[in-house]
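J.: Residue numbers (the working numbering): 2 to 196.
Please keep in mind that the hints were generated in silico from the structure rather than gathered at the bench.
One or more hints might be untrue.
[Claimed, not checked] So the derived label-pair ranges between C-beta atoms look like this: (1) R76 / W141: 14 to 24 angstroms; (2) M65 / Y40: 13 to 23 angstroms; (3) Y38 / K135: 15 to 25 angstroms; (4) A114 / G80: 14 to 24 angstroms; (5) Y40 / C152: 30 to 40 angstroms.
If you're wondering where the values come from, they're calculated on a predicted model, not measured in any experiment.
Cβ atoms here follow ideal geometry from the backbone N, Cα and C, with glycine treated the same way.
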Amino acid sequence: MAVVSSSAHVEAMQRSSSSFRTAIYLNIYDLTTLNNYLYWFGLGIFHSAIEINGIEYAYGAHDMPTSGIFQVEPRSCPGFLFRRSILLGTTDLSPMEIYDVMEDLASQYTGDAYNLLTKNCNHFSNDLCMRLTKKPSPGWVNRLANLGVFCSCVLPESLQVTMVQQPLEYHSSEDLQSLDNSDEDVLLLAPARGN
2 MAVVSSSAHV
12 EAMQRSSSSF
22 RTAIYLNIYD
32 LTTLNNYLYW
42 FGLGIFHSAI
52 EINGIEYAYG
62 AHDMPTSGIF
72 QVEPRSCPGF
82 LFRRSILLGT
92 TDLSPMEIYD
102 VMEDLASQYT
112 GDAYNLLTKN
122 CNHFSNDLCM
132 RLTKKPSPGW
142 VNRLANLGVF
152 CSCVLPESLQ
162 VTMVQQPLEY
172 HSSEDLQSLD
182 NSDEDVLLLA
192 PARGN
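Please model the entire structure based on the sequences and the hints provided.
T.: This is how it looks when you write it as structure tokens:
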């Protein structure tokens with residue numbers, strides 16, 4: 002999976018460091034063409050991600066107990082068809098405070114904890130949105146999974162976990178501090194402090 006370099010994250014933080022009013026966008030993708038019909042009934046099978054300072058953050062599954070949060074170019078997550086972007090609000094948090102929120106979420110959203118019904122990309126997007134804007138993401142984005150929780154006994158277990166296309170490279174916070182601009186394709190997130 003294509004990953005934005007950490008240098009892009011640092012540059013984005015520096016660009017916005019003079020003004021702590023940062024726009025928060027929810028980018029929504031279709032997982033199936035059935036969404037063209039389901040969407041009008043308030044349903045759909047969606048992938049969502051949060052865009053902050055020109056970087057899109059999402060959550061996906063892998064088999065390691067490390068962060069499942071990854072970053073991509075906005076509105077171009079591989080394997081999904083971009084549907085729309087919604088301005089969710091703004092945050093007054095500084096870029097470093099946003100980074101701290103992401104580090105905390107990285108320890109909670111590990112790749113091996115992914116569950117299609119109870120801990121998916123839409124749950125991550127909603128949690129991040131709540132932490133940054135104090136408002137939830139639109140309920141329709143994860144409505145089908147929420148309905149599925151009530152019917153989980155009839156769903157095969159294989160439907161409840163979806164792996165990302167390839168394992169994500171993982172770096173500790175010490176590794177991130179030693180990066181220079183020549184280091185490409187490095188995952189931003191590290192475990193929360195103290196882990």
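J.: Sort out which numbered hints this structure fails and list those numbers smallest first.
T.: 2, 3, 5
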